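As a plain string of letters, each chain reads:
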Amino acid sequence: MNSRVAQIDTGAGVSFIVSAVIHLAVFLLLAWWGQQFPQQMTIQETYYVDVVNMPANAPQSGGSTQKPGESAAVPPTPVAAPVMAIPSKVKAVPKITAKSSRPAAPDESAVTESAFAERLTRLESSSEARREEAILEKIRNKVKSANLSKAGAQGAAGVEAGSRYADYIKSRLEDALKVTSSYRSKRPEVAVRLTIAADGKLSRMKIERSSGDATFELAVRRAIDLASEKFTVPPNHAVFENGFIFKPEGISNGPSR
Amino acid sequence: MAIILGAGIVVKLVLLLLLSFSIVSWAIILFKFFQVQRAKNESERFMDFFWKSKRFDSIASQVERFANSPLTVLFNEGYSELKKVVDSDSKSDGSALSTDLGGVENVSRALRRATNSEITRLEKYLTFLATTGSTSPFIGLFGTVWGIMTAFEGIGKTGSASLAVVAPGIAEALIATAIGLVAAIPAVMAYNHFQHKLRVLINEMDSFSTEFLNIVQRNIAGK
Numbered sequence: 001m002n003s004r005v006a007q008i009d010t011g012a013g014v015s016f017i018v019s020a021v022i023h024l025a026v027f028l029l030l031a032w033w034g035q036q037f038p039q040q041m042t043i044q045e046t047y048y049v050d051v052v053n054m055p056a057n058a059p060q061s062g063g064s065t066q067k068p069g070e071s072a073a074v075p076p077t078p079v080a081a082p083v084m085a086i087p088s089k090v091k092a093v094p095k096i097t098a099k100s101s102r103p104a105a106p107d108e109s110a111v112t113e114s115a116f117a118e119r120l121t122r123l124e125s126s127s128e129a130r131r132e133e134a135i136l137e138k139i140r141n142k143v144k145s146a147n148l149s150k151a152g153a154q155g156a157a158g159v160e161a162g163s164r165y166a167d168y169i170k171s172r173l174e175d176a177l178k179v180t181s182s183y184r185s186k187r188p189e190v191a192v193r194l195t196i197a198a199d200g201k202l203s204r205m206k207i208e209r210s211s212g213d214a215t216f217e218l219a220v221r222r223a224i225d226l227a228s229e230k231f232t233v234p235p236n237h238a239v240f241e242n243g244f245i246f247k248p249e250g251i252s253n254g255p256s257r
Numbered sequence: 001m002a003i004i005l006g007a008g009i010v011v012k013l014v015l016l017l018l019l020s021f022s023i024v025s026w027a028i029i030l031f032k033f034f035q036v037q038r039a040k041n042e043s044e045r046f047m048d049f050f051w052k053s054k055r056f057d058s059i060a061s062q063v064e065r066f067a068n069s070p071l072t073v074l075f076n077e078g079y080s081e082l083k084k085v086v087d088s089d090s091k092s093d094g095s096a097l098s099t100d101l102g103g104v105e106n107v108s109r110a111l112r113r114a115t116n117s118e119i120t121r122l123e124k125y126l127t128f129l130a131t132t133g134s135t136s137p138f139i140g141l142f143g144t145v146w147g148i149m150t151a152f153e154g155i156g157k158t159g160s161a162s163l164a165v166v167a168p169g170i171a172e173a174l175i176a177t178a179i180g181l182v183a184a185i186p187a188v189m190a191y192n193h194f195q196h197k198l199r200v201l202i203n204e205m206d207s208f209s210t211e212f213l214n215i216v217q218r219n220i221a222g223k
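So the sequence lines, in the order shown, correspond to chains B and W.
Numbering (the numbering used here) for the first sequence: 1 to 257.
Numbering (the numbering used here) for the second sequence: 1 to 223.
These aren't lab readings, by the way, just hints derived from the structure by calculation.
All values reported here derive from a predicted model rather than from experimental measurement.
Glycine residues also receive a C-beta, built at the ideal position from the N, C-alpha and C atoms.
A hint or two may mislead.
Only pairs whose alpha carbons sit at most 25 angstroms apart, straight line, appear in this in silico SDA-like list of lysine to any residue [said to hold, decoys possible]:
hint, chain 1, residue 1, chain 2, residue 2
1, W, Lys40, B, Phe16
2, B, Lys230, W, Ile220
3, W, Lys157, B, Ile22
4, B, Lys178, W, Ser162
5, W, Lys12, B, Ile22
6, B, Lys230, W, Ala167
7, W, Lys157, B, Asp175
8, W, Lys52, W, Ile220
Partner residues are not named here, just some residues of chain W that face chain B (Cβ under 7 angstroms, in silico) [as the list claims (entries may be wrong)]:
hint, residue
9, Ile23
10, Trp26
11, Ala27
12, Leu30
13, Phe31
14, Gly159
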């Protein structure tokens with residue numbers, strides 16, 4: 001009996017060692033496999049194409065997303081054509097809607113139908129008006145910047161370049177806000193003044209005005225945090241400061257001081 | 001490999017625990033496999049030898065050849081008990097009937113005891129396989145839950161829920177469950193396999209002890 005017990009014990013020890021060796025072998029095989037065929041796990045960085053920045057009237061001054069070497073490749077587009085074309089198109093829009101929508105309501109004979117139609121047209125026109133307002137504001141900004149650059153205030157205060165840079169920052173913020181956006185109240189609005197230092201880092205952030213929706217405020221803060229990782233250096237290495245008005249549907253440039 | 005080295009301390013500990021479970025359970029699987037295999041083969045050979053030979057003492061002299069069979073242990077125990085009974089019987093030369101019955105009873109008890117001790121020996125370590133099979137998925141799951149907790153903490157700190165932030169943490173968490181399953185599946189399979197083999201061996205032992213008792217009773221009754 002004693003001899004057999006001893007035999008069993010050595011058998012157990014041997015199988016333990018064999019098991020450990022097998023595990024080690026499998027581990028080494030996996031390690032070797034991982035080294036031989038490493039997994040390709042690269043995360044594609046988002047590439048931003050700035051629509052605002054692309055038709056730069058003076059690429060050498062404005063396009064902050066362009067690298068210095070690339071500026072020559074951008075063909076110098078005429079200044080007047082794109083700026084002038086858009087307002088004329090937009091101005092035509094309200095005329096058409098006004099003509100088509102207003103006469104439609106009185107033509108209806110039934111009272112309820114006419115009331116409904118009237119309400120619908122009112123809603124439509126109000127939304128239309130808001131959209132137009134946004135477009136007009138955009139265009140106004142553009143015209144302003146175009147005028148300023150035409151006026152030849154070349155690098156006086158970095159104004160004309162700054163406005164482009166502001167658009168660039170705005171689009172970064174809009175991208176970030178799409179990720180973080182959340183709000184409780186119906187029409188939240190937060191006005192923020194951002195200061196970006198010469199090295200492209202966000203140096204100051206001040207909420208100037210808020211509609212009081214804490215959730216949206218938090219979303220805006222997080223969007224700014226998220227976007228600030230991707231800010232580039234302001235043009236002419238000047239400190240950049242601008243106000244932005246955050247709304248769930250987008251961001252508009254606030255009053256620049 | 002980097003996924004394991006990059007994991008948190010709790011996940012690492014869980015992985016280490018699972019690795020040791022796996023090593024030990026595979027050691028038991030190998031050990032039990034050879035033990036059961038030897039027991040089965042030598043039992044077969046012993047049964048052949050047992051039925052061919054005419055006398056118990058000639059079997060007892062050659063029983064060392066089948067040291068790994070549980071039947072050999074049964075035979076040894078039964079034979080030594082029988083010898084004691086016969087010795088005391090010839091010494092006291094008392095009333096034959098009472099000692100005969102008592103002698104068979106004694107042998108039967110000795111066989112039952114030997115059967116039990118052999119079952120215990122063969123079942124030894126099998127509980128560890130059952131434990132590994134049932135607990136290591138849960139241990140792995142614990143590692144995963146912990147890893148995901150820390151991953152979410154990281155998300156909360158960075159404030160962004162992009163896939164690049166979330167994915168590595170969850171991947172390194174999920175590896176704990178994977179290793180848990182890798183440890184558990186062979187253990188459960190081996191446990192069921194050995195349970196079946198053991199049942200066969202136990203049946204063999206039972207039938208052998210009945211046969212042995214039959215022979216003893218026949219011989220004593222025919223004496």
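Right, here's what the structure says about each hint:
no.	hint	verdict
1	Lys40(W) <-> Phe16(B)	holds (22 angstroms)
2	Lys230(B) <-> Ile220(W)	violated (100 angstroms)
3	Lys157(W) <-> Ile22(B)	violated (41 angstroms)
4	Lys178(B) <-> Ser162(W)	holds (12 angstroms)
5	Lys12(W) <-> Ile22(B)	holds (21 angstroms)
6	Lys230(B) <-> Ala167(W)	holds (21 angstroms)
7	Lys157(W) <-> Asp175(B)	holds (20 angstroms)
8	Lys52(W) <-> Ile220(W)	holds (21 angstroms)
9	Ile23	holds (5 angstroms)
10	Trp26	holds (4 angstroms)
11	Ala27	holds (4 angstroms)
12	Leu30	holds (4 angstroms)
13	Phe31	holds (4 angstroms)
14	Gly159	holds (5 angstroms)
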